[in-house]
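Visitor: Chains A and B, in that order, give the protein sequences.
In terms of this note's numbering, the first sequence is numbered consecutively and its last residue is 516.
In terms of this note's numbering, the second sequence is numbered consecutively and its last residue is 679.
Hints are computed from structural coordinates only; laboratory data are not their basis.
Just so it is clear, CB atoms sit at the ideal spot from N, CA and C, and this is done for glycine as well.
Don't take each hint at face value.
[What the hints assert, rightly or not] Under 8 Å between C-beta atoms, here's a sample of chain B residues computed to sit facing chain A: (1) Gly-583; (2) Leu-629; (3) Ala-663.
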Amino acid sequence: MIKIFIPRDMLAIALGADEVAEAIVLEAAVQKISVQIIRNSSRGMAWLEPLVEVETPKGRVGYGGVKMKDVKGLFAAKFYEGGKHELGQGLVEEIPFLKNQERLTFARAGITDPVSLTDYIAHGGFEGLKKALTLSGSDIVKEVQESGLRGRGGAGFPTGLKWKTVNEVKADQKYVCCNADEGDSGTFADRMIMEGDPFLLIEGMIIAALAGGATKGYIYCRSEYPYAISTLKEAIAIATNAKWLGQNIQGTEHCFTLEVRRGAGAYICGEETAMLESLEGKRGMVRAKPPIPALVGLFGKPTIINNVLSFCAVPFILARGAKAYADYGMGRSRGTMPFQLGGNLERGGIVEKAFGITLRELVEDFGGGPYMGKPLRAVQLGGPLGAYVGANQLDLKMDYETLSANGAMLGHGGIVVFDTTVDMAQQARFAMEFCAIESCGKCTPCRIGSTRGVEVIDKIVAGENRDANLLLLEDLCQTMTDGSLCAMGGLTPMPVMSAVKHFPEDFDKPTRLAAE
Amino acid sequence: MAKKHTLIDINSSKADPAVAIAARYGNKPDALLEILHDLQQELGYVPEKSLPAIANALNISRAEAYGVATFYHDFHLDPIGKHVIKICQAEACQSAGGMQVIAALEKGLKVKLGQTTSDGLVTLEAVYCLGLCPMGPAALIDGKPKAAIKPNTVDALIKELVS
Ligand SMILES: Cc1cc2nc3c(=O)[nH]c(=O)nc-3n(C[C@H](O)[C@H](O)[C@H](O)COP(=O)(O)O)c2cc1C
Ligand code: SF4
Ligand code: FES
Chain A
1 MIKIFIPRDM LAIALGADEV AEAIVLEAAV QKISVQIIRN SSRGMAWLEP
51 LVEVETPKGR VGYGGVKMKD VKGLFAAKFY EGGKHELGQG LVEEIPFLKN
101 QERLTFARAG ITDPVSLTDY IAHGGFEGLK KALTLSGSDI VKEVQESGLR
151 GRGGAGFPTG LKWKTVNEVK ADQKYVCCNA DEGDSGTFAD RMIMEGDPFL
201 LIEGMIIAAL AGGATKGYIY CRSEYPYAIS TLKEAIAIAT NAKWLGQNIQ
251 GTEHCFTLEV RRGAGAYICG EETAMLESLE GKRGMVRAKP PIPALVGLFG
301 KPTIINNVLS FCAVPFILAR GAKAYADYGM GRSRGTMPFQ LGGNLERGGI
351 VEKAFGITLR ELVEDFGGGP YMGKPLRAVQ LGGPLGAYVG ANQLDLKMDY
401 ETLSANGAML GHGGIVVFDT TVDMAQQARF AMEFCAIESC GKCTPCRIGS
451 TRGVEVIDKI VAGENRDANL LLLEDLCQTM TDGSLCAMGG LTPMPVMSAV
501 KHFPEDFDKP TRLAAE
Chain B
517 MAKKHTLIDI NSSKADPAVA IAARYGNKPD ALLEILHDLQ QELGYVPEKS
567 LPAIANALNI SRAEAYGVAT FYHDFHLDPI GKHVIKICQA EACQSAGGMQ
617 VIAALEKGLK VKLGQTTSDG LVTLEAVYCL GLCPMGPAAL IDGKPKAAIK
667 PNTVDALIKE LVS
């Protein structure tokens with residue numbers, strides 16, 4: 001029996017993986033070749049999807065970008081024995097993009113069947129939880145604190161400290177909530193974990209529950225991710241059956257139940273307090289802090305809220321020790337980060353590396369630069385509220401401190417590349433427009449200021465009192481920064497003003513046109 | 517006259533489907549979004565006349581139910597097209613030519629973003645990122661993902677959808 005792997009990841013499916021899988025099954029039947037099709041997770045090499053892999057004695061051999069029409073040719077080339085074909089990629093694990101990574105969170109990506117508990121356990125799954133079940137809550141907290149793990153959802157708050165607060169407060173009920181809203185454009189690591197390694201997230205959340213003393217958890221997943229939602233539900237049912245969830249986890253006295261809830265297309269519900277409101281069935285209005293959710297969270301109870309990637313870093317930390325994790329990284333940015341390369345790049349996808357890698361290594365060495373041969377002009381870091389940097393800033397080191405010292409931020413690790421066709425005034429306008437559409441409406445600077453921002457940028461672009469309007473824009477941004485309750489209004493100025501600062505020529509169209 | 521009569525008949529003979537859906541969630545107020553999602557899946561939209569029934573079942577005010585149904589971009593209070601194209605309008609897709617794809621869709625369907633074709637067949641909506649960012653422009657077409665869309669393949673895509 002020949003083992004053939006075809007990803008069930010949403011991106012692979014968007015590029016035809018289901019049709020390719022079907023065509024391979026049909027052709028194998030016609031040729032009377034006995035094959036076993038495994039719908040594995042994605043390796044995170046987006047440009048090669050659908051990546052069809054065949055198990056051979058030397059290892060898995062890959063064929064990239066396979067279309068339905070290629071299937072007959074692949075059979076003719078005996079791909080099922082690893083035969084030569086123009087789509088051939090050789091041994092998958094030798095592909096430099098993959099080989100040069102440090103995959104801790106994405107260790108199983110592409111290797112396992114996402115909903116096979118056997119696969120998960122055979123590849124190190126539940127080792128962290130098994131360790132955690134032998135520890136007290138406060139010992140788990142200590143381990144996570146020592147690892148230096150910081151929240152991967154955007155704010156970079158120390159995860160262990162948050163868990164400590166919940167651990168120490170007394171309450172009749174505590175919760176663990178996973179923020180899987182992944183609203184930042186240019187990010188997809190949460191999606192890939194939920195679809196590709198759902199037991200990892202479940203394991204991380206159970207460990208958090210043990211640490212904090214919670215018995216009930218929710219995963220708040222955006223509705224734009226239908227495959228993640230169905231895979232999570234399936235995985236939760238499987239884990240519950242196998243007694244990793246529910247009453248008396250693995251025969252211990254610990255209990256934890258987990259439920260998936262869908263968002264409904266509101267970016268602001270990624271902000272943790274708006275997410276709590278939404279989980280309570282309300283409009284996603286941001287709550288004022290304090291009180292912090294660790295003390296007064298879901299239904300008013302102490303709640304651990306973390307991003308998918310934060311939870312998913314924890315099983316490794318417990319299994320291998322805080323030090324093994326902290327040995328990666330630099331300064332106060334410990335461990336690895338699954339960077340997400342998107343936009344106009346030759347090779348996009350997941351690059352998990354220790355903090356401290358440069359932006360140039362990411363977009364040039366891994367990413368291969370823009371795909372249409374034009375030079376790179378701008379990179380947006382950290383989602384729609386993140387800064388734009390120019391081609392002259394590619395030597396920036398990717399860690400929390402370096403980026404913030406340079407007026408940028410890591411956010412959730414999204415990296416979106418633009419070539420020279422980009423119009424940065426339009427990107428700045430879009431940032432304001434996005435804020436106007438997605439504002440929860442609580443603060444005037446965010447709700448109204450963003451609409452004013454669009455108008456002012458339009459005037460600047462039209463060359464109307466350009467200098468005065470640029471000053472006005474700056475002023476408006478300052479008001480938004482100072483007068484907003486959350487980072488929606490507070491950080492929208494970041495993409496806007498970084499575009500003005502690094503690409504002033506784009507805000508001076510009339511003069512430029514006149515000069516030409 | 518006759519039309520009005522049938523409407524009343526339907527109302528009196530059949531309970532609002534929302535009531536059964538709410539019961540499936542144990543009439544828990546925190547499940548409101550799930551209930552609205554399921555209702556929209558069943559009917560294609562969230563009829564305003566279902567909101568009082570939901571409010572009643574969950575023991576919340578009508579204003580709260582209405583507030584939630586209108587806050588979230590996903591929920592439609594009016595019927596929409598038989599098919600829905602949700603096209604990504606966010607940055608990574610922009611950098612890969614997303615705006616040209618949107619323009620081609622608008623031209624091909626003769627609608628603007630947020631509108632439904634006059635024959636009621638297709639609704640075109642903007643979404644902000646589908647997590648398919650390395651291979652944009654991306655869309656969800658009747659819930660099925662599609663990536664690496666080109667302006668010149670848009671017409672074929674529309675044809676396939678409505679045929
Ligand atoms: C407008 C806005 C959107 C956000 N969106 C997300 C999101 O989609 N996912 C996420 O994990 N955090 C998001 N955050 C950050 C959360 O508020 C919060 O910091 C995070 O979930 C905490 O988890 P962490 O410590 O593991 O990062 C957002 C914040 C703001 C202000
Ligand atoms: S800044 Fe904007 S999104 Fe945040 S609370 Fe204020 S109005 Fe709401
Ligand atoms: S930006 Fe379009 S899919 Fe992410």
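Visitor: Take the hints in turn and mark each one as holding or not.
Guide: Hint by hint, here is what the structure shows:
| no. | hint | in the structure |
| --- | --- | --- |
| 1 | Gly-583 | holds (5 Å) |
| 2 | Leu-629 | violated (11 Å) |
| 3 | Ala-663 | holds (4 Å) |
The structure fails to meet hint 2 from the earlier list, while all remaining hints are met.
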